[in-house]
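Colleague: Here's the letter readout for the chains.
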Amino acid sequence: MTHFEMELEKLKEVIKKIGTLAVSQVGESVKALLFEPIEGKEVKKTEIKIDKLDVKIDEICQSIFALQQPVASDLRFIMASLQISNEIERIGDLAVSVIKRSKSIKEKHDLISKFEIGDLAKEVELITSKTNECLQTLDEKTISEILTLNKNIKSKGDAIIEHIIEEMKSHSKVVVSGTNLVIALKHLERISDHCSNIAEYVYFMVNAKIIKHEKHEDLNIDKLD
Amino acid sequence: MENTNTISVNPFAKTSGKGKDIKETAVVGITQIAVILIIAILFVILGIIIYQGRDKFSWEFISSFPTDGMTKGGIFPALIGTFILVIVMSIAAVPFGTITAIYLTEYAHEKSKFAAAVRFSIRTLAVVPSIIFGLFGLGFFIQFVGTGMDTAFNGGELHWGQPNILWASLTMALLTLPVIIVSVEEALKTIPRELREASLALGATKWQTIKKVVFPGSISGIMTGTILAVSRGAGEVAPILFTGAAYYLATLPGSLSDQFMNLGYHVYIMSTQSSDVEKTMPIQFATTLVLLILTLSLNLVAVVIRSRIRRKAK
Amino acid sequence: MRDIKIQVNDLSLYYGEKKALNNITMQIPANKVTALIGPSGCGKSTFLRCINRMNDLIPSVKITGEMLVEGVDIYDKNVDVVNIRKKIGMVFQKSNPFPKSIYENVAYGPRINGLKDKTQLDEIVETSLRQAAIWDEFKDRLDDSALGLSGGQQQRLCIARTLAVSPDIILMDEPASALDPISTSKIEELVHELKEQYTIIIVTHNMQQAARTSDHTAFFYMGELIEMGKTNAIFTKPEKKQTEDYITGRFG
Chain A
1 MTHFEMELEK LKEVIKKIGT LAVSQVGESV KALLFEPIEG KEVKKTEIKI DKLDVKIDEI
61 CQSIFALQQP VASDLRFIMA SLQISNEIER IGDLAVSVIK RSKSIKEKHD LISKFEIGDL
121 AKEVELITSK TNECLQTLDE KTISEILTLN KNIKSKGDAI IEHIIEEMKS HSKVVVSGTN
181 LVIALKHLER ISDHCSNIAE YVYFMVNAKI IKHEKHEDLN IDKLD
Chain B
1 MENTNTISVN PFAKTSGKGK DIKETAVVGI TQIAVILIIA ILFVILGIII YQGRDKFSWE
61 FISSFPTDGM TKGGIFPALI GTFILVIVMS IAAVPFGTIT AIYLTEYAHE KSKFAAAVRF
121 SIRTLAVVPS IIFGLFGLGF FIQFVGTGMD TAFNGGELHW GQPNILWASL TMALLTLPVI
181 IVSVEEALKT IPRELREASL ALGATKWQTI KKVVFPGSIS GIMTGTILAV SRGAGEVAPI
241 LFTGAAYYLA TLPGSLSDQF MNLGYHVYIM STQSSDVEKT MPIQFATTLV LLILTLSLNL
301 VAVVIRSRIR RKAK
Chain C
1 MRDIKIQVND LSLYYGEKKA LNNITMQIPA NKVTALIGPS GCGKSTFLRC INRMNDLIPS
61 VKITGEMLVE GVDIYDKNVD VVNIRKKIGM VFQKSNPFPK SIYENVAYGP RINGLKDKTQ
121 LDEIVETSLR QAAIWDEFKD RLDDSALGLS GGQQQRLCIA RTLAVSPDII LMDEPASALD
181 PISTSKIEEL VHELKEQYTI IIVTHNMQQA ARTSDHTAFF YMGELIEMGK TNAIFTKPEK
241 KQTEDYITGR FG
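Chains as they are written, first to last, in my numbering: chain A, 1 to 225; chain B, 1 to 314; chain C, 1 to 252.
Quick caveat, the hints were computed from the structure, so don't treat them as lab data. Where is the CB? At the ideal position from N, CA and C, for every residue including glycine. Treat the hints loosely; a few may be bogus.
Label-pair ranges, simulated between beta-carbon atoms [to be verified]:
#1 C:59 - B:310: 25 to 31 Å
#2 B:152 - C:143: 50 to 56 Å
#3 B:211 - C:250: 47 to 53 Å
#4 C:177 - B:211: 29 to 35 Å
#5 C:15 - B:310: 32 to 38 Å
#6 A:72 - B:304: 53 to 59 Å
#7 A:20 - C:73: 54 to 60 Å
With a cut-off of at most 35 Å between alpha-carbon atoms, the simulated DSBU-like pairs for lysine-lysine come out as follows [claimed, not checked]:
#8 C:237 - A:56
#9 C:86 - B:189
#10 A:45 - C:230
#11 C:230 - A:12
#12 C:94 - C:62
#13 C:94 - B:211
#14 C:195 - A:17
#15 C:186 - A:17
#16 C:241 - C:5
#17 A:156 - A:52
#18 B:111 - C:18
#19 A:173 - A:156
#20 A:45 - A:151
#21 A:10 - C:186
#22 A:16 - A:44
#23 B:211 - C:62
#24 C:241 - B:206
#25 B:206 - C:94
#26 C:77 - C:32
#27 C:77 - C:18
#28 A:16 - C:195
#29 A:56 - A:10
#30 C:19 - B:206
#31 A:12 - C:240
Starting from the given sequences, assemble the full structure and let the hints guide the process.
Modeller: See below:
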């Protein structure tokens, strides 16, 4: 393996690490939302780790740009890695926000079971782990699955939020919990959005086509090449 | 049908008329005539020599002694004499010339006055008329060194202080020294500076570099120089006139202090002092033919080697 | 900088009256690749040749200052220049193999050091050719003339030849400038492997090559050392504007 290839491998390793940490953070946030509040220390540690890895990825990419003059697929890989790292760091951040919010939601079990929030949360977990998988396999099918999942999560999430707002209008007791729950759900939606962004960057890496900001209904991923 | 209404001008057509053409042809013609003239003269000379000498020219001619006052027989002793002369000359001149050339290319500083003096001397030596070498050989080698040796070793008895093949060879060596030096220098110059640098950069001393890199590269130059020197030495007569050549010897030279016969000298003597010039004429031409063949073929070999060196340098 | 292999103090070089190197002070770290960059005529090659005293071959050259290799000033009167060149090898811009066989080229150095034993020479030749990553290519034709090889092969042969005398430091004067891209990248990879065992100083007019291959970079301009530092720093945030201008191609 050449010196340059070793640098690229190093970068891949760090991305794997940060992705795995983000998945675990999201897992913890779902647990915190659906069940009992959790121990804050581990989550804090992981958050710090994620931030450090994000900075490390920035440094590695800058070094490769300056010293190795990457072109073609290597260039796309570095460019995408910079942005993916950014998205992953946001996911980590949002997961921590969800955990914090969860503490302020009382009587959530009723709201949760009433509006099938458990299913939504599980889907967010799924999209996150699929995204992490996609980073390793760079598989196009996975990309399209992620994009579809995100759409579902978005529409489901929006529907649930509407229901909660209706509930809040009729039962003023649940306004505080309801508002916090809505905010937490918004965070979950954003996590899913970032996963979709990551999938778009992976697409760019593989196909040299930039598809961010495009409406994916117009794209039929399976038919693209 | 297209309407081709264009004025066709051929940009590549021949311009300017006959004047330029005539000049071109004239120049080519003149050079061609000059070349033909030179070749023709050469052929005429060769033709005469070959025609006049062809009767006598045979293996017997080369291998037997002259008889009947030089009017019959062969030129064997002259051939051998010439042979020994050039060998001794080479032994003296080649190492000396090679070392000088190596000094000039490897050791001499560009601004060195000594090196400049050496180079000047070589150039001067190259244009000195060959008879001067003969006089020098007589005065220095025979009368000074030779007599000195006799006084020192033989108690005054005359042995070295007279013409012999040693002094003749050394005299001839002086004549051909410039040729050798120039040839070796030429070969040394084709060795690129980078090779010397590579050797030095590996931790070799200057002498090691010369021994292992420079000297092997100069061998072809030494060969060319030697062959040119030999062909010159075989043909020159003036330097050996008073230093060792003899008209007739019954036996071949047995030691360095003996005199010797020589092809060029043989022709000279036969054409000016022989008893019967008419009878010796064919022998003269045949001898000349032998000498010519010898020198021409040597020169040819030298040219071939030299062109190989030049091609390698590119 | 952990280990310093070469310490240069106030080194100046004059060609007669003309000052070509102006009070250079710098440190070369051990077992790293240091690149010397700068525009044509800036003195980087001249400086490189000071390290193994090849400038001694030019009669009008005068050198002042110190060049300490592992603490010893190589310009000291008591130092034997021949021994220096055994410790500090050089690979030239244009490959210059001897007109001998591949084997004899590599064995040249050990032979002039007095080594005669065939087995030992065979071993050294093999080791050196392996280190230069050309053993497999050449092992069946060691008796072939070196002059019949391609430019890239010749240059790697010259590297093997330099390695055969077991130097500590290898100087490379634009080693790949006359080569095609594939040969160039082979040499760059080789430099990377060699730095485990040797200290390497490489002059290059190709900045990208300096960026790819070196750990430290020194920028020369008009006979002066403008800036020196870790390559990563020089190419991402150089301290002097002159350095930045040169690297970004604004001049030179």
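Colleague: Take the hints in turn and mark each one as holding or not.
Modeller: Evaluated hints:
For residue 59 of chain C and residue 310 of chain B, the Cβ-Cβ distance of about 29 Å falls inside the hinted range of 25 to 31 Å, so the restraint holds. Evaluation of the 50 to 56 Å hint for residue 152 of chain B and residue 143 of chain C yields a pass: the beta carbon distance comes to about 55 Å. Distance hint check: the CB atoms of residue 211 of chain B and residue 250 of chain C are about 52 Å apart, consistent with the given range 47 to 53 Å. Evaluation of the 29 to 35 Å hint for residue 177 of chain C and residue 211 of chain B yields a pass: the beta carbon distance comes to about 32 Å.
Look at residue 15 of chain C against residue 310 of chain B: about 33 Å separates their beta carbons, and that is inside 32 to 38 Å. A beta carbon spacing of about 56 Å between residue 72 of chain A and residue 304 of chain B agrees with the range 53 to 59 Å that was offered as a hint. In this structure the supplied range 54 to 60 Å holds for residue 20 of chain A paired with residue 73 of chain C, their Cβ-Cβ distance being about 56 Å. Taking the CA atoms of residue 237 of chain C and residue 56 of chain A, the gap is near 17 Å; set against the 35 Å cutoff, the hint holds.
At roughly 27 Å between alpha-carbon atoms, residue 86 of chain C and residue 189 of chain B fall within 35 Å of each other, so this suggested pair holds. A distance of roughly 32 Å separates the Cα atoms of residue 45 of chain A and residue 230 of chain C; the hinted pair therefore holds under the 35 Å criterion. Of the supplied pair hints, the one linking residue 230 of chain C and residue 12 of chain A holds, its CA atoms being roughly 24 Å apart against a limit of 35 Å. Distance restraint check for residue 94 of chain C and residue 62 of chain C: the Cα-Cα separation of roughly 26 Å lies within the 35 Å cut-off, and the hinted pair is therefore satisfied.
Using a Cα cut-off of 35 Å, the hinted pair residue 94 of chain C and residue 211 of chain B holds, with the two alpha carbons roughly 23 Å apart. Proposed proximity of residue 195 of chain C and residue 17 of chain A is supported: the alpha carbons are some 31 Å apart, at most 35 Å. For the proposed pair residue 186 of chain C and residue 17 of chain A, the alpha carbon gap of about 32 Å is at most 35 Å, so the pair holds. As the CA atoms of residue 241 of chain C and residue 5 of chain C are separated by approximately 29 Å, the hinted pair is consistent with the 35 Å bound.
Between residue 156 of chain A and residue 52 of chain A, the direct Cα distance comes to roughly 34 Å. Compliance with the 35 Å bound is thereby established for this hinted pair. In summary, the hint linking residue 111 of chain B to residue 18 of chain C is supported, as the alpha carbons are separated by about 19 Å, within the 35 Å threshold. For the suggested pair residue 173 of chain A and residue 156 of chain A, the alpha carbons sit about 24 Å apart, so the restraint of at most 35 Å is met. The suggested pairing of residue 45 of chain A with residue 151 of chain A holds, with an alpha-carbon distance near 32 Å, which does not exceed 35 Å.
Distance hint between residue 10 of chain A and residue 186 of chain C is fulfilled; the C-alpha atoms sit about 22 Å from each other, no more than 35 Å. Of the pairs offered as hints, the one joining residue 16 of chain A and residue 44 of chain A holds, with about 20 Å between alpha carbons and a cut-off of 35 Å not exceeded. For the proposed pair residue 211 of chain B and residue 62 of chain C, the alpha carbon gap of about 29 Å is at most 35 Å, so the pair holds. For the hint linking residue 241 of chain C to residue 206 of chain B, the alpha-carbon distance of about 45 Å lies beyond 35 Å, and the restraint is violated.
Between residue 206 of chain B and residue 94 of chain C the alpha-carbon distance is near 22 Å, which keeps this suggested pair within the 35 Å criterion. For the proposed pair residue 77 of chain C and residue 32 of chain C, the alpha carbon gap of about 29 Å is at most 35 Å, so the pair holds. Using a Cα cut-off of 35 Å, the hinted pair residue 77 of chain C and residue 18 of chain C holds, with the two alpha carbons roughly 24 Å apart. Between residue 16 of chain A and residue 195 of chain C the CA atoms are separated by roughly 30 Å; this keeps the pair inside 35 Å, and the hint holds.
Restraint check for residue 56 of chain A and residue 10 of chain A: the C-alpha separation of about 11 Å stays at or below 35 Å, so the hint holds. This hinted pair checks out: residue 19 of chain C and residue 206 of chain B have alpha carbons roughly 28 Å apart, not beyond 35 Å. Restraint check for residue 12 of chain A and residue 240 of chain C: satisfied, since their Cα atoms lie roughly 34 Å apart, inside the 35 Å limit.
Of the hints listed earlier, the one the structure fails to meet is number 24.
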